[in-house]
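Asker: Residue-level listing of the chains:
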Amino acid sequence: MDLAVKRTLLDASHMQRVMRRMAGEIVERNRGVEGLLLIGIRTRGVPLAEFLVREIERMEGKKPAYGILDITLYRDDLSTIAPQPVVKESRLPDGLEGRRVVLCDDVLFTGRTIRAALDALMDYGRPKAVQLAVLIDRGHRELPIHADYVGETVRTTTSEVIKVRYAATDDGEEDVLLLDRE
Amino acid sequence: MAKSGWQRKDLLGIAELERTEIEAVLATAASFHEVATRPIKKVPTLRGKTVLNLFFEPSTRTRSSFEIAEKRMSADAINFSTAGSSLSKGESLLDTTRNLQAMSPDVLVIRHAHPRVPHQLAARLDTSVVNAGDGAHEHPTQALLDAFTILQHREQLDGLRVAILGDIEHSRVVRSNVLLLRKMGASVVIGGPYTMMPRSAEALGVDVAYSIDEALEGADVVMMLRVQTERQSRMSIPSADEYFALFGLDRARLRRANEGALVLHPGPINRGVEIASDVADGRASLILEQVSSGVAVRMAVLYLLAGGAS
Amino acid sequence: MSSVSSVIRASGALLVRGGRVVDPSQGIDDEVDVLIGDDGRVERLSGSIQVGEGVEVLDAAGLVVCPGLLDLHVHLREPGQEYKETIESGSRAAAAGGFTTVACMANTVPVNDCRSVTEHIVRAAQRCGLARVLPVGAISKGLRGEELAEMGDLVSAGVVAFSDDGRPVEHAELMRRALLYARHFGLPVVQHAQDMTVTGDGAMHEGPSSTRLGVPGVPRLAEDLMVARDLLLAEETGGRYHVQHLSSGRSVELIREAKARGVAVTCEVTPHHLLLTDRDVEESGLDPNFKMNPPLRESADRDALLAGLLDGTIDFIASDHAPHHVDEKLLDFVASPFGIVGLETTVSLLLDRLVHAGKIELGEMIRLLTSAPAKAFGLELGSLRPGAPGDVTLLDLEREVTVDPARFQSKSRNTPFAGWRLRGAPVVTVLAGRPIRVEPRPER
Chain A
1 MDLAVKRTLL DASHMQRVMR RMAGEIVERN RGVEGLLLIG IRTRGVPLAE
51 FLVREIERME GKKPAYGILD ITLYRDDLST IAPQPVVKES RLPDGLEGRR
101 VVLCDDVLFT GRTIRAALDA LMDYGRPKAV QLAVLIDRGH RELPIHADYV
151 GETVRTTTSE VIKVRYAATD DGEEDVLLLD RE
Chain B
1 MAKSGWQRKD LLGIAELERT EIEAVLATAA SFHEVATRPI KKVPTLRGKT
51 VLNLFFEPST RTRSSFEIAE KRMSADAINF STAGSSLSKG ESLLDTTRNL
101 QAMSPDVLVI RHAHPRVPHQ LAARLDTSVV NAGDGAHEHP TQALLDAFTI
151 LQHREQLDGL RVAILGDIEH SRVVRSNVLL LRKMGASVVI GGPYTMMPRS
201 AEALGVDVAY SIDEALEGAD VVMMLRVQTE RQSRMSIPSA DEYFALFGLD
251 RARLRRANEG ALVLHPGPIN RGVEIASDVA DGRASLILEQ VSSGVAVRMA
301 VLYLLAGGAS
Chain C
1 MSSVSSVIRA SGALLVRGGR VVDPSQGIDD EVDVLIGDDG RVERLSGSIQ
51 VGEGVEVLDA AGLVVCPGLL DLHVHLREPG QEYKETIESG SRAAAAGGFT
101 TVACMANTVP VNDCRSVTEH IVRAAQRCGL ARVLPVGAIS KGLRGEELAE
151 MGDLVSAGVV AFSDDGRPVE HAELMRRALL YARHFGLPVV QHAQDMTVTG
201 DGAMHEGPSS TRLGVPGVPR LAEDLMVARD LLLAEETGGR YHVQHLSSGR
251 SVELIREAKA RGVAVTCEVT PHHLLLTDRD VEESGLDPNF KMNPPLRESA
301 DRDALLAGLL DGTIDFIASD HAPHHVDEKL LDFVASPFGI VGLETTVSLL
351 LDRLVHAGKI ELGEMIRLLT SAPAKAFGLE LGSLRPGAPG DVTLLDLERE
401 VTVDPARFQS KSRNTPFAGW RLRGAPVVTV LAGRPIRVEP RPER
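Chains as they are written, first to last, in my numbering: chain A, 1 to 182; chain B, 1 to 310; chain C, 1 to 444.
Next up, chain A with everything else stripped away, as it sits in the complex (with noise of 0.2 Å):
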């Protein structure tokens, strides 16, 4: 599939306030770092939390708790999906007893992923509260899923597709791409 860029939704310095806009946001509402921990999505979420992370601990002096968690083994898609995708561990700190958990992701669309890391996250334990940071809302979705954070809420076509590309990532480059299915 041929995908052409259609426009630059945020660029690197752009995309850094967002962030660390949200990091505020998210430090705000927890009301500090105490029972905050951040989980990654994999792949696409990871840079993102860890951004989140290394900004609120600037901020606040102190570093929230981080984990990583992968949702492959929860996908309501597999059956369609040939090969299968490569699963991966997921990395989380022990006990989510009483803690308050902010799922981060690059895009939200239909809102499967977020249903499907839902219930890895319960397999896990049961956090007092589970938030969502998301930095591009696109619309389309496809469940009651809203997000808590958001970066950017942009209108798209569903032949559209947002690229994401984090510095520490993609080789430097540090941006939201749009593009379309040719």
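These are computed hints drawn from the structure, not numbers from a lab.
The beta carbon of each residue, even a glycine, is placed where N, CA and C say it ideally should be.
It cannot be assumed that every hint is accurate.
Once the Cα atoms are required to be at most 25 Å apart in a straight line, the calculated SDA-like pairs of lysine to any residue come out as [unchecked claim]:
1. 9(B) x 74(B)
2. 88(A) x 68(B)
3. 88(A) x 8(B)
4. 88(A) x 98(B)
5. 6(A) x 110(A)
6. 71(B) x 181(A)
7. 71(B) x 6(A)
8. 71(B) x 15(B)
9. 9(B) x 285(C)
10. 41(B) x 6(A)
11. 259(C) x 312(C)
12. 88(A) x 158(B)
13. 9(B) x 98(B)
14. 128(A) x 9(B)
15. 42(B) x 6(A)
With the Cβ distance kept under 8 Å, some of the chain B side facing chain A (calculated, not the full set) [stated by the list, open to error]:
16. 28
17. 30
18. 31
19. 32
20. 39
21. 40
22. 43
23. 44
24. 45
25. 154
26. 242
27. 303
Reference excerpt, derived from the structure (chain C facing chain B, CB under 8 Å, subset only) [to be verified]:
28. 211
29. 215
30. 217
31. 219
32. 282
33. 286
34. 332
35. 334
36. 337
37. 375
38. 378
Assemble the complex: chain A is given as a structure, and chains B and C must be docked to it using the hints.
Answerer: Structure of chains B and C alone, referenced to chain A:
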């Protein structure tokens, strides 16, 4: 999303696998290993899928391992033990195939006393087939779990010297292990009494030793095989005691292997026959780890087979 | 034995005209005509025989004319296992394969260990009249290897040899007495030479392939032990000893040595042991149609068998035609029964893979299917000498055929050669002057 590269419908043997496919299973198994550490050891991945465990030969261990793997994946596991039923003898493969097709399982796990029965069923069925042991031919999940277990303690299989010792001729685990270890760059020596060695042992492409001490020399990993002590094997060994004295793995013998050599055994073990208790329970022994590895590997195999475009 | 030819009715004179007659029994390889008289026997061979009205003429131009072929090792399964084969379907298969004479083994149900079973076989064969069916009587009652069968009674009923084929005679003393007793009748004692204690539950040759496949093996030694023992017994008793379906190169050596010592031993080899090996079993993915007893062995054995055939150690070729119902071969390899059919594939296999491949002369191949087996069993067959039974097989050396089990005349389909494309085929089979099968000539 990263794809595993696994394209096969079935897992019938190690013989047909590429090295990359073996690596894919082992990498996937590592992820499933983590599931066993969770408070809730169950994931919904195979919800609504039916896995039929069809055992033409009794095997509590392998069947239980598959069953746990299936249940942890939320599959509906159905056990079909055929010992003594019409399926166990005489029913043609065609009829067996038709019967199974009518039950429309998603995965068929099959153990049979005769070589290549799973292969022949797989060729006639749309269902995914996992070979859980076809006579003394292949037992791929055992070889994969052994490799997985070793890799929990060693960086890689490449360059390792592995000694497989015991009743080579009748073992259902040795061929798959030899194939896998060689594909992954390990060197293998098989050893045991003359009476338990196949006539053309060199056809397996390994070194052959007829003394346990010689086979252990320089080994990084020692795999002991279960010895049948029933009457019919008395033509091969006069007694369990004599077997232990001449071919059993005890601490003194183990010193001939390399420092820190790992000890594996597919189980169930005969203490004081092929392995001394202090070795079986010692630091080098990975026998219990093999059991937990078995579940992770089988989950990985089921995951790779049971999804895919249907 | 004059009795064997009187079985078949003649139907009037027949002239086989214009073919290349190859009759090793007379050293003939020449374009001559063959006239078979009203009595169903060869009248004469000579160039351009003129005949009047009323003599049927068979145009053999471009074809090889040879004595009717003999397969002295077949299983016709009647009585008792008619779902696998009958004397009639087996006779049809023989005729389709160019054979005019077959010797059928005694392992029927009940066993051919008494006159009534032999007579049944003789009568049934006469009724269908498509081949000379020569019964082989059991060595021991019920093939149990315990007591001798009533050999004299069997001989008077028409058996041409004794064999417990399928069940080797394990008991050395019984074998010794069988060889001695059979001397009274001048008939060979025919052994399926295999030591069953060494065989165990083996299902294929014990070698590299069985080791890789984890299939229980039948070692060469199983055959070698029995052949070695029997050769000593034959030497000791002076009896006529025949070894069936040799598979082991070592056994060929043993027999070569024994023949040099003057032991009265003969032996046979099958086309499949000459053409296939255990690697073919492995490459077939353990197809039950590659399972037979003795098993296909290694290339060194195959080569030794061919060498033994060429130097005269091995006396003749026989198919060990062993029909099994298609359902029985639907089992897996280990569970399925031993045996493959051979009557309808033997000639094309030998022509294509041995004659056209330059490994064996045409005349030699014909000898191995005519005068050689006749001589080994003491039969007055396999020759076009004047006065001999008028059995003739016509071969088209260039006819291309594809082995198609669905088109077999045999009731069974168990062959490892399905789909093989072969050059050379039997096209006409004449029994006692009567053309019983004529393959239409292809349009040229």
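Asker: Straight-line Cα separation of residue 71(B) and residue 15(B) no greater than 25 Å?
Answerer: Violated. Residue 71(B) to residue 15(B) sits at ~28 Å, over the 25 Å cutoff.
Asker: Hey, does the residue 28(B) contact hint survive, CB to chain A under 8 Å?
Answerer: Hint holds; residue 28(B) Cβ to chain A Cβ min 5 Å, cut 8 Å.
Asker: Hint check: residue 88(A) vs residue 68(B), CA-CA at most 25 Å. Holds or violated?
Answerer: With a Cα-Cα distance of about 20 Å, the restraint between residue 88(A) and residue 68(B) holds, given a limit of 25 Å.
Asker: Does residue 332(C) pass the interface hint, meaning its C-beta sits closer than 8 Å to a C-beta of chain B?
Answerer: holds, 5 Å
Asker: Grab the minimum C-beta distance from residue 219(C) to chain B and call the hint holds if it beats 8 Å, violated otherwise.
Answerer: At about 6 Å, which falls below the 8 Å cut-off, the nearest Cβ of chain B leaves the hint on residue 219(C) intact, so it holds.
Asker: Let me know if the C-beta of residue 40(B) comes in closer than 8 Å to any C-beta of chain A, holds or violated.
Answerer: Holds. Min distance 4 Å.
Asker: Taking the least C-beta to C-beta distance, is residue 217(C) closer than 8 Å to chain B?
Answerer: holds, 7 Å
Asker: Given residue 30(B) was flagged as interface, is its beta-carbon under 8 Å from a beta-carbon of chain A?
Answerer: holds, 7 Å
Asker: Should the hint that residue 242(B) touches chain A count as held when the rule is a Cβ pair under 8 Å?
Answerer: Violated, because the Cβ-Cβ distance from residue 242(B) to chain A comes to roughly 47 Å (cut-off 8 Å).
Asker: Grab the minimum C-beta distance from residue 154(B) to chain A and call the hint holds if it beats 8 Å, violated otherwise.
Answerer: violated, 19 Å
Asker: Are the Cα positions of residue 9(B) and residue 98(B) separated by 25 Å at most?
Answerer: holds, 18 Å
Asker: For the hint on residue 215(C), just tell me whether its beta-carbon gets within less than 8 Å of chain B.
Answerer: holds, 5 Å
Violated hints, listed in ascending order, are 4, 6, 7, 8, 10, 14, 15, 25, 26, 32, 36, 37, 38; each of the other numbered hints is respected by the structure.
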